[in-house]
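Student: Each chain is listed here by its residues.
Number of protein chains: 2
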Amino acid sequence: MRAAILRNKRIEVGDIKEPEPGPGEVLVKTLACGICGSDLHVLHRARHEETGGGGIVMGHEFVGELVDYGPETTKRLKRGTRVTSIPILGRKTGAEFIGYSAINTGGYGEFMRLTEDHLLEVPNGLPTEHAALNEPMSVGWHAVNKTRLQPGDVPLVIGCGPIGLAVIAGLRIKNIHPIVAASRSPKRRELALAMGADIAVDPRERSPYEAWREQAQTGLPDPGPTLPGWLVGSGLKPAVIFECVGGPGIIDEIMAGAPQDARIVIVGLCFDEDRFQPMTGIRKELSIVFSNSFNRAEFAETLRHLGDGKIDAATLVTGKVGVDGVAGAMKELESPQAHAKILIEPWRA
Amino acid sequence: MRAAILRNKRIEVGDIKEPEPGPGEVLVKTLACGICGSDLHVLHRARHEETGGGGIVMGHEFVGELVDYGPETTKRLKRGTRVTSIPILGRKTGAEFIGYSAINTGGYGEFMRLTEDHLLEVPNGLPTEHAALNEPMSVGWHAVNKTRLQPGDVPLVIGCGPIGLAVIAGLRIKNIHPIVAASRSPKRRELALAMGADIAVDPRERSPYEAWREQAQTGLPDPGPTLPGWLVGSGLKPAVIFECVGGPGIIDEIMAGAPQDARIVIVGLCFDEDRFQPMTGIRKELSIVFSNSFNRAEFAETLRHLGDGKIDAATLVTGKVGVDGVAGAMKELESPQAHAKILIEPWRA
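These protein sequence lines are chains A and B, in that order. All the letters of the first sequence, read from the start, carry residue numbers 1266 to 1614 under my numbering. All the letters of the second sequence, read from the start, carry residue numbers 1266 to 1614 under my numbering.
So here's chain A without its partners, still in its complex pose (with noise of 0.2 angstroms):
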């Protein structure tokens, strides 16, 4: 099948063998599939040898069309059916990513295998593309049901990626506002808006601490300089702010801007080491939540709101490509001013 390959730290599109549904296991062909942030940073990381030798082929957030069936399958779904799944193989050996590994191929290739039993079928009337949005969507759910929330908290997102787009998404399901947004990139900011966000601010421009506080008043008199904030706490409503930017420093950036009492919630990825003010922390009495994915109720709940209309997908697919483009579009999302998510469409010509 055809692939779009890493190897050596570059994307090179080849042929390879087609991927065998082992026990429980079925095959699909790749409908659509996003390009994650997360791949970007596999792909200045991954050596030769770490890729094994023959190369990766990434991509889990994918929608495939049923194809066949390997063995002990129950084949509760015809075939031709459209379905995604969680990008985990459960095999009786333990569980396997799929998308960062040789063997189990990602939504960068034409086809692909799942497990049966982790098999969600499309919601008649999504388009494929939006369903391939299923995966990032899901993570933004996530963090926002872990957070608790309740009326009277006032949301700020730090980074309106695809990631920040989604916790702005569930935030607006859950209803709560004003949901306060910050990014670079004006294409971003406009998305913000449209998916559910009230503000949306250039960090360049102004404080996006300060637009939340503007949104934060209580109406309660201030507080005053009698007691210090760790005794009274800020008299403002409570502060929960999403990280969805990602990379070194950007911890320490949201702490030393936060307002006392905030729940800073990390739901961008750093891969490396990094470092923080403690004392920042303890003089706030900051929380610091780290979310990660999903679980497979939520993943199952994402696609239901994505069938009902609840999230306004449209907006965000803003680019498709065939395996050919993919190195391409890797590239343009280095510097992602225009872009939300690109979606690969592997069967393209």
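Rather than coming from a laboratory, the hints here were simulated on the basis of the structure. All the given hints hold, so there is nothing to weed out.
One copy or two, it doesn't matter: identical chains are merged, so the pair holds either way.
Here are the simulated lysine-lysine pairs, DSBU-like style, with alpha carbons at most 30 angstroms apart:
hint, residue 1, residue 2
1, 1575, 1585
2, 1502, 1411
3, 1575, 1294
4, 1411, 1439
5, 1502, 1357
6, 1439, 1502
7, 1452, 1439
8, 1340, 1357
Using the hints, position chain B against chain A.
Tutor: Below, chain B without anything else, positioned relative to chain A:
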């Protein structure tokens, strides 16, 4: 008045001017004052110019005898009453800390001025030396309160200095058991058990995380390796880990040892920049909750707990000195194998 004065990273005994109570303030004779771990930190850090040239008189864990009233006071308490207070002067111009300032001298000296509004009467029958533990005990109580523990949560307390012991005391009051504690000091492990810990391990002999795991079994079958931890959880009871050591590196160390979904409550202080691995937090979906001091209600509540005998304070005072003994006591506390809390009684000859 006589005082133990911090000058040039040294404690010297000297005579300084007795403080004068300002508007809304009272003068107290210091009866007892604890030496705090933060005082040790300041001792090694404070340069001559930072200590106001003339030096500072530390001490923010104090009990005093009410000696005199300044102007604009209500005089609601009789002279001679034993009192304590949060270590804050609430002035019209702002809050000022007591004990880390050249002007607002603390309990390392014979007399102090306090804000009348902040005075709490020491309950009848509560020995002065136990009431002097109220400040550190409140720090532990606040950390436990802040964590909103529920029955079934299994706490692990890392570090059994006065703050770790205060956390254990708070957990016992909330009836959250089993409590697993870890300390390298045999004396402190013994105190941890006396304060309410169910198990106290030496981390050089046994991993505190293994000891915790043994107590956190749910009896549920092991979820096995079919799905990763972030999808299925740990299968164990919820972990709440109290960091009561302080200093760089310990947060990262606890993150590495913590089970899936653990909440880590930072009660120890780290004044320096610190390093950590965000991906550890993300993969395990950890939460880090920074806890600082206490609020006024918690400070008062802890004094009631001490008065009602809910905290077994008798075991915690492991030494008493006059101002002449402060330098030696601080040196002993550097390797605190044998000590929990040393009190200063500045009136001692």
